[in-house]
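> Protein chains in written order, with my numbering: chain P, 1 to 305; chain S, 1 to 264.
Wrong hints could be hidden among the right ones.
Said to hold, decoys possible - Pairwise CB distance ranges (calculated): (1) P:ARG228 / S:ASP91: 34 to 42 angstroms; (2) S:GLU92 / P:GLY301: 34 to 42 angstroms; (3) S:VAL76 / P:ASP55: 29 to 37 angstroms; (4) P:LYS204 / S:GLU92: 58 to 66 angstroms; (5) P:THR106 / S:ARG86: 47 to 55 angstroms; (6) S:LYS148 / P:GLY34: 38 to 46 angstroms; (7) P:GLY301 / S:GLY78: 39 to 47 angstroms.
What the hints assert, rightly or not - Computed list of lysine-lysine pairs in PhoX-like fashion (alpha-carbon distance at most 25 angstroms, straight line): (8) S:LYS248 / P:LYS85; (9) P:LYS161 / P:LYS85; (10) P:LYS209 / S:LYS148; (11) P:LYS85 / S:LYS179; (12) P:LYS16 / P:LYS289; (13) S:LYS248 / P:LYS204; (14) P:LYS180 / P:LYS204; (15) S:LYS148 / S:LYS179; (16) P:LYS161 / P:LYS16.
In short, the hints are calculated from the structure, not lab data. Don't be surprised by glycine CBs; every beta carbon is placed ideally from N, CA and C.
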Amino acid sequence: MSTVDMCVNVGGLPMKNPVTVASGTFGHGEEFAGFFDVSQLGAVTTKGVSPLPWDGNATPRIAEAPCGMLNSIGLQNPGVEEFCKSQLPWLATQDTAAIVNVSGHTLQEYVQVIERLEDEACVDAYEVNISCPNVDAGGMTFGTDPAQAAEVTTALRALTKRPLIVKLTPNVTDITVIAKAVEAAGADAVSLINTLLGMAIDAKRRAPKLARVVGGLSGPAIKPVALRMVWETYNAVDIPIIGMGGIATGEDAIEFMLAGATAVAVGAANFVDPLASLHVLEGMVAYCKENGVAQVSELIGALEV
Amino acid sequence: MDQKLQERGPVLFNRQVAEGIYHMSVLVPGIAAAARPGQFVQVMVASEPSVQFLRMPFAVFDVDEAAGSVDICYQVVGEGTEQLTRVVVGDEVDFVGPIGNGWHVPANAKHALLACGGVGVPALKLLADELAAMGARVDVVIGAQTEKRLACVEQFEDSIRDSHGALYLATDDGSTGIKGFVNAVTDELLASHDYDYVAVCGPPLMERSVALPAIEHGVTCEVSMERLMACGVGACLGCVVETKDGLKRCCVDGPVFDASEVVW
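Build out the structure end to end from the sequences listed, making use of the hints.
Here it is, written out as structure tokens:
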């Protein structure tokens, strides 16, 4: 077989292949340009952007965990003005879709970010972060309550015609309740999962390893949880899913598509191997060739149960 | 943007040089050709994420560009570094690098003071070589808890001798050199000599104890900082350092910072 059609469409966002990166693990892409041409990816998803600069949490913000890591960065970012001035122009020159992750403490702050970004022609889609476990106000509080999740989605839907992707937290009893709420409120797609709230302790010092005490768990450790939630969500909503959580290989990514994801994001693996996202893409193409898959989109939800 | 490399290479040697401290050399010609003094590499040794998930950052201790080798010197502090001690000649390890800004050696430096302790010692070896090659006199103060944990001293000897500098050792227990902390030596040296450049690398309290007096004496002082890191490429914002100009990423904005810019 000669070539595989890797194109997918995520709620109105055409991607030349299903591979993007998880917000917060890839900067705005430029950080990885010294390693490979990020234009090879289907999309670059940026670090969360808030209306004003955020300093994030105290250090240490990172702890190693079995088969993964904990982080409590706290959405440190330079604010939307500086983002548009010093980061977005570089991403605009890359031949890949630009998904900007939007963060806020309040509904009004999400609104301010999108209003500002509507002036930037190079933004291809928004990912609304209602699932960060590392901020006190906003973030995950919107993502754990279906009414608030819908309220944010409705307000932002009214501001833009661009694809609106809502990023969901796994720290809920039933993720499908939140997914259905944002679908009904006008979301074009959902991305999941954000990190699982966790904790690490240094027994010798009787102290937490993270200054914030708790943080988000990511890496291969969370892949089974993420796959389960993608599968549940795929069976509950009609909008496309960007699946993520512990993807490190092409086969991992294929598993997410079989569970119902239209696209996939590589997260913590970028920290271990700067070329991880490219290797995932190459591995997906190889899988398709070996298994006679002409179009990668055939795999979406193709799990045989 | 500087080219960064991910390079796997065979281990040329991996030997214990002091109690709990090892010196390893790896054949990674791409990184060897690109590395500058003060930069570091991110090292992956385990093939299983259950053993080691994140890479471990180590200063580039030495480089042999002709041979294509990069040396690191590490202290055993946990499972990852324990795993590193079991690597034998011919085994392959995976480096990402060179990372970081490196030392900003003043072109006209005449007399430099290099102060280091513990795992900070390796970060200064190539700097000592460069300063000596420029014709600056290089005084080096090396600290350790005790003589048995003092490592990498002989690698400084050529530069110190060639530059007519001096070597001072300090141990907490007085088992060799002066009994006391590094700043017991540097305080005296700063008061009695006209240094035009001070470089520091070691535990945070030691860095502070040298940097603040150096700033008071009006000497240009750089510190190489250490933070827990995840990506090592500037993306995750895990390793930030508080500076007068806001938060900076230790990995790519540093690890070397102007001591007068750091919020101590």
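> None of the hints should be skipped; say for each whether it holds.
Checked hints:
In this structure the supplied range 34 to 42 angstroms holds for ARG228 (chain P) paired with ASP91 (chain S), their Cβ-Cβ distance being about 38 angstroms. Taken as a hint, the range 34 to 42 angstroms holds for the pair GLU92 (chain S) and GLY301 (chain P), whose Cβ atoms sit roughly 40 angstroms apart. Between VAL76 (chain S) and ASP55 (chain P) the beta carbon distance is about 34 angstroms. The supplied range of 29 to 37 angstroms therefore holds. In this structure the hint that LYS204 (chain P) and GLU92 (chain S) lie 58 to 66 angstroms apart at CB is violated, the actual value being about 32 angstroms.
Between THR106 (chain P) and ARG86 (chain S) the beta carbons are some 52 angstroms apart, a value that agrees with the proposed interval 47 to 55 angstroms. Between LYS148 (chain S) and GLY34 (chain P) the beta carbon distance is about 41 angstroms. The supplied range of 38 to 46 angstroms therefore holds. The hint said 39 to 47 angstroms for the Cβ distance between GLY301 (chain P) and GLY78 (chain S), and at roughly 42 angstroms that hint holds. At roughly 18 angstroms between alpha-carbon atoms, LYS248 (chain S) and LYS85 (chain P) fall within 25 angstroms of each other, so this suggested pair holds.
At most 25 angstroms may separate the alpha-carbon atoms for a hinted pair to count; LYS161 (chain P) and LYS85 (chain P) meet this at roughly 23 angstroms. Our distance criterion of 25 angstroms between C-alpha atoms is broken by LYS209 (chain P) and LYS148 (chain S), whose separation comes to about 29 angstroms. Taking the CA atoms of LYS85 (chain P) and LYS179 (chain S), the gap is about 54 angstroms. The hint is violated against a cut of 25 angstroms. About 17 angstroms separates the Cα atoms of LYS16 (chain P) and LYS289 (chain P), which keeps this hinted pair within 25 angstroms; it holds.
Using a Cα cut-off of 25 angstroms, the hinted pair LYS248 (chain S) and LYS204 (chain P) is violated, with the two alpha carbons roughly 30 angstroms apart. Under the criterion of a C-alpha separation no larger than 25 angstroms, the hint pairing LYS180 (chain P) with LYS204 (chain P) is inconsistent with the structure, at around 45 angstroms. Taking the CA atoms of LYS148 (chain S) and LYS179 (chain S), the gap is about 14 angstroms. The hint holds against a cut of 25 angstroms. Restraint check for LYS161 (chain P) and LYS16 (chain P): the C-alpha separation of about 21 angstroms stays at or below 25 angstroms, so the hint holds.
Violated hints, in rising order: 4, 10, 11, 13 and 14; the structure is consistent with all others.
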